[in-house]
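Protein chains in written order, with full-length UniProt numbering: chain A, 1 to 248; chain B, 1 to 248; chain C, 1 to 248; chain D, 1 to 248; chain E, 1 to 248; chain F, 1 to 248.
No wet-lab data here; the hints were simulated from the structure.
Keep in mind that a hint or two might mislead.
In this list, chains with the same sequence are indistinguishable; a pair is considered to hold if it fits within one copy or across any two.
Said to hold, decoys possible - No farther apart than 25 Å at their CA atoms in a straight line, the calculated lysine to any residue pairs in the SDA-like style are these:
(1) 47 with 76
(2) 83 with 51
(3) 57 with 178
(4) 144 with 106
(5) 81 with 68
(6) 23 with 148
(7) 23 with 68
(8) 57 with 207
(9) 83 with 71
(10) 240 with 197
(11) 47 with 143
(12) 83 with 59
(13) 8 with 196
6 protein chains.
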Amino acid sequence: MQRVDGRKPEQLRPVVITPDYNKYAEGSVLIEVGDTRVICTATVEDKVPPFLKGLGKGWVTAEYAMLPRATGVRTVRESAKGKLGGRTMEIQRLIGRALRSVMDLEALGERTITLDCDVIQADGGTRTASITGAFVAMILALNKLVEQGMLEKIPVSDLIAATSVGIINGVPVIDLCYAEDAAAAVDMNVVMTGTGRFVEIQGTGEEATFSRDEMNRLLDLAAAGIHEINQVQRQVLGDKLAAAIGQV
Amino acid sequence: MQRVDGRKPEQLRPVVITPDYNKYAEGSVLIEVGDTRVICTATVEDKVPPFLKGLGKGWVTAEYAMLPRATGVRTVRESAKGKLGGRTMEIQRLIGRALRSVMDLEALGERTITLDCDVIQADGGTRTASITGAFVAMILALNKLVEQGMLEKIPVSDLIAATSVGIINGVPVIDLCYAEDAAAAVDMNVVMTGTGRFVEIQGTGEEATFSRDEMNRLLDLAAAGIHEINQVQRQVLGDKLAAAIGQV
Amino acid sequence: MQRVDGRKPEQLRPVVITPDYNKYAEGSVLIEVGDTRVICTATVEDKVPPFLKGLGKGWVTAEYAMLPRATGVRTVRESAKGKLGGRTMEIQRLIGRALRSVMDLEALGERTITLDCDVIQADGGTRTASITGAFVAMILALNKLVEQGMLEKIPVSDLIAATSVGIINGVPVIDLCYAEDAAAAVDMNVVMTGTGRFVEIQGTGEEATFSRDEMNRLLDLAAAGIHEINQVQRQVLGDKLAAAIGQV
Amino acid sequence: MQRVDGRKPEQLRPVVITPDYNKYAEGSVLIEVGDTRVICTATVEDKVPPFLKGLGKGWVTAEYAMLPRATGVRTVRESAKGKLGGRTMEIQRLIGRALRSVMDLEALGERTITLDCDVIQADGGTRTASITGAFVAMILALNKLVEQGMLEKIPVSDLIAATSVGIINGVPVIDLCYAEDAAAAVDMNVVMTGTGRFVEIQGTGEEATFSRDEMNRLLDLAAAGIHEINQVQRQVLGDKLAAAIGQV
Amino acid sequence: MQRVDGRKPEQLRPVVITPDYNKYAEGSVLIEVGDTRVICTATVEDKVPPFLKGLGKGWVTAEYAMLPRATGVRTVRESAKGKLGGRTMEIQRLIGRALRSVMDLEALGERTITLDCDVIQADGGTRTASITGAFVAMILALNKLVEQGMLEKIPVSDLIAATSVGIINGVPVIDLCYAEDAAAAVDMNVVMTGTGRFVEIQGTGEEATFSRDEMNRLLDLAAAGIHEINQVQRQVLGDKLAAAIGQV
Amino acid sequence: MQRVDGRKPEQLRPVVITPDYNKYAEGSVLIEVGDTRVICTATVEDKVPPFLKGLGKGWVTAEYAMLPRATGVRTVRESAKGKLGGRTMEIQRLIGRALRSVMDLEALGERTITLDCDVIQADGGTRTASITGAFVAMILALNKLVEQGMLEKIPVSDLIAATSVGIINGVPVIDLCYAEDAAAAVDMNVVMTGTGRFVEIQGTGEEATFSRDEMNRLLDLAAAGIHEINQVQRQVLGDKLAAAIGQV
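So here's chain A without its partners, still in its complex pose (with noise of 0.2 Å):
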């Protein structure tokens, strides 16, 4: 089988991350997954949400957008249809679920640490991207507070990164673009830390189903891909820092 851009099925689009984007962000990267470009900034605040009030506890949340030209043909701004879309709050919640499971929110204390993943460009997988760009500048934000002495190590327990993976004419492939996102009959984002375990997993077959058999095919791929996305984001951060992950 011969996939739209030439990759093997277990091939990834190139992944690259540049820290320090924005000179105004506590952490901030530009993650680029082959044509895939996201924006992923991190603020720290003092202060934490309602409901946690008074707990002695912090918070991790995420927003996501895209620029109307991400896409191929031009997108009508939410902010100009007053209302945020079904996907981008579930993509948004996605991100901040994601994040929140690996931080110790308790060390983290009364901070809110807020992800803007920005897709300047779109080709398929923003929002696995999303996660492993927001997990970077995540880190970044927090290693700026452990300098500042607010905090005494950075309080994650290990890296985290995602991918997508599905079923195209038959075969599980990883990593897929937007061409063959649309072909695809099942498709499944999978999020893992750097020790393998699962965080998040959302198979879903449109108008379509799949087989317990053909769900191991595709962890299997998710989970070597990721395993080679884990070593961007050790070398982006450093050896150093890499390390102080999971010291907790």
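Keeping the supplied structure of chain A fixed, place chains B, C, D, E and F upon it in accordance with the hints.
Chains B, C, D, E and F in isolation, oriented as in the chain A frame:
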């Protein structure tokens, strides 16, 4: 291990489906899963969304809501807030996708079936109860179209039902009630067909992660439970109607 | 004259009130008036709206909604539209005013009682059924406060119930079902107390007018019907509770 | 009993109607009822709402608003809040219904008349002043259609005017100013035709109730007052125009 | 060149300012500039926006709206649309900035003055008429504070007035009526003080451009016209009050 | 006088324009003016707004937004707030007007060009950078239409660029960065053509005023700076393309 309501880990709560609960809808049920109660109505309209105009295909979509006192503490109405929350959007997208997975949209013709799932009382598992109930309401509505000669046969290839599974204190359990849901480290919603294929898997660790082995045990539990729920659906639909499904 | 459902002009449809329909609400009923079905829940909260802060008084308010298939043709959800319609606002203001007319707000103390009236099935008279049912739900909630020692007695001076009357083909009739409502030249909603005093009269000629004499005949019909409805309320509340009302 | 502004119980405030107050509208008046001042404009458009398309009938509708300093304390604009309040919706629905009651919608043809009632200064009775003024503005606009040969005659069967009545310290009074309105136990708005038939009666006890006898005394007061207001309307419209009404 | 209403290029329309047009507002005027009519009210409140809390400074802000039939064709209400348009926001921001330019916000103290400018009839120049009128309403309100001993003197350093200028068929003209505005290649709104300093210049070529020389001729026209308008303002305010301005 | 970043009063920050920054848009640039960075994309669609339907003319419009961390303190998304702020509306209207001033809308035909200006990082002058960049993106998109034979030539009569000028501590300066902007008494945005004609002048004194002489000095500064910016635009567009502009 003792569950809060005395059930065994693999034991479902009683599932009761009352058909034709509403005198106006083309199909309707009241589904009760323990203390969770959802009214599901199926509306058939001779129109399709703009993106399907002129393609000769139909559409299946869903809306989900909770009455203010479906919950222990009164929830503010989304109509009063002026917008749908992220959770609501996520759930109604899930229900729609699940039902479309077994529907032959070409055979349905230029019609839209809207499944309204209104939670009267919520004790955990409202989204999976909605899927299970909405499937039956949809079949009842389709059967009416067959009886009226609008369709030759029910254009559905398999049964659809759903349940939740999760890990509580390290033990995988099925069909979590609200108190269990709040305590679960991992929460997974599984939608399957009558022939045991997956339609949707949404596994998520809120401030936690899970291993591949744990995932497998959860899927085993879900598969067995959904098989049981299918029996309730078949009973409500009756032999003849149940037999008609999948004979496309 | 023959009414569409065979009733006599002065004959109400059967009124059935099922108390404690919801396991979470402080008070709740399912009220059925013919095929009209409304779930009414009463929520008690220890707070008051801003305009009453610090005045030592309580408040009673109501919200009203219809499920999409409460009606013959599916109604778009107001949550999806992003705003409440004029009819909804008018009705929920009416229900609130009606219940406040017999409530001793000082004796209630700094509490708000919210009556949620959700129409499951609509066959005319949903607003008057809501008032009749909400009154019972409110008394059940207040009784719980008395039993818990939060209130000395039920701070309500009289029963409240409502019905509709109208003129069809020149004949005054009571408790119009949907088909009659659509055909009526004059439509009047009447809210009265158990001792026969008026709380609210809303008479309106849609593309028609009515004489003083016609109005008097409508009010006679309404008074007799409301007296009957009061008997159903008394039966549901039980002798002891019914007796407690008005003994402030 | 002494009323706050020295009037007798049955005495109206001076009613002044200035026709053609706006140079653009097809019909317009400034109506002053004491210190209450409302600009009413009638707009004629060659279109009807969707539910009337192709039925050969017209429509009459109304919108109502208050300038921020129409009131003693500045009111936040509904445009700034982003939604209409319940009171506004209730009032504009009332005005529309009242005017439609005497309009021959078939004779009007496929046209919509929109009455905009903007309260410049509010001292009680703004909704009834709006109805009284909007009726005159509507007739002026219809007369223009007659003069232009678009209509054969004014398709209105009777005069429409409105006033408020209420009970203050046990005394029934007419045309309550703001200070009286706030003190009234019972408040009733009455809309009547020039021949003394009712169009709308909205009587309401806010935290109070009223007897049938009290209601009768209020309606007597209202009927006499509306008869007086009709004279002002006739004077503004002139003999010829006033005569044309009701000769359909 | 002949202007549509017979004026000379440098000739203003008659400016009439009626003070105390509203009985509730702390300051109010009706300003008429030809057929353009705006009600301006000034509301004084003892509070400031959040960004000024605790700084001992006050604020001046403005809101602007048009009645639906202020215009030849009925405009849909922004309250009905649920949001303010860009033009409205632009104008109300302009009015607020213009008035703040001469206000000593420290001397005003922790108070907010809100200028509501409601256009009753629009025939061009509504934003500049609003500024001219709102200035007078504001001074009237401030004078009331002085009279009540809340302020020692009027904390305003100069008069403020505004007019429009534009180029029609190559000829610079002042105070464009609606028909001229629609035909103008260049449109400029100028706000100036009584001593001839600029507060705001907004010159714009809609589908056109203009030279520096043209701009200079427009500013000469505007300066002369605003000087005339200042005389009307002084007359309305009276010698004593006019003298008080600028004597901070 | 020493500016905060060491520039001379008449010195611009470096302007860098990267063309074809986005792979989907018909035209696109990344424009950097010092630390201010804006992505401008031009979308061509074969449709026009309702008010131009059937007139054989095209339209040019713009939308403007800032990423949440474009600024030092995180800004809440307008999509989350559910409405556009006044500043956003004002800016996007300005950008649209500026570009339309040199466009031959008849020659464009029934097409709409939408310029999306998304601020990635904001350090003052975002609206003027947006205009300068959007102009280049628009020419790139128009050139594509020419190359595809859809247009005979680029229907634009002149270059468009913009900058800000202001008065800080009494000294007129050009191209204010954020720190200067906050300190300026007068702030003026100037849009000019390549041949030195004005398109838009927006000069405003926030809590200050300015003399005619000061205005003249600001306009001199702006004219010189815009001339420099035009050179950068010409370089990006290349000799051939730059020459094509204005040869309509």
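Hints broken by the structure, by number, lowest first? none
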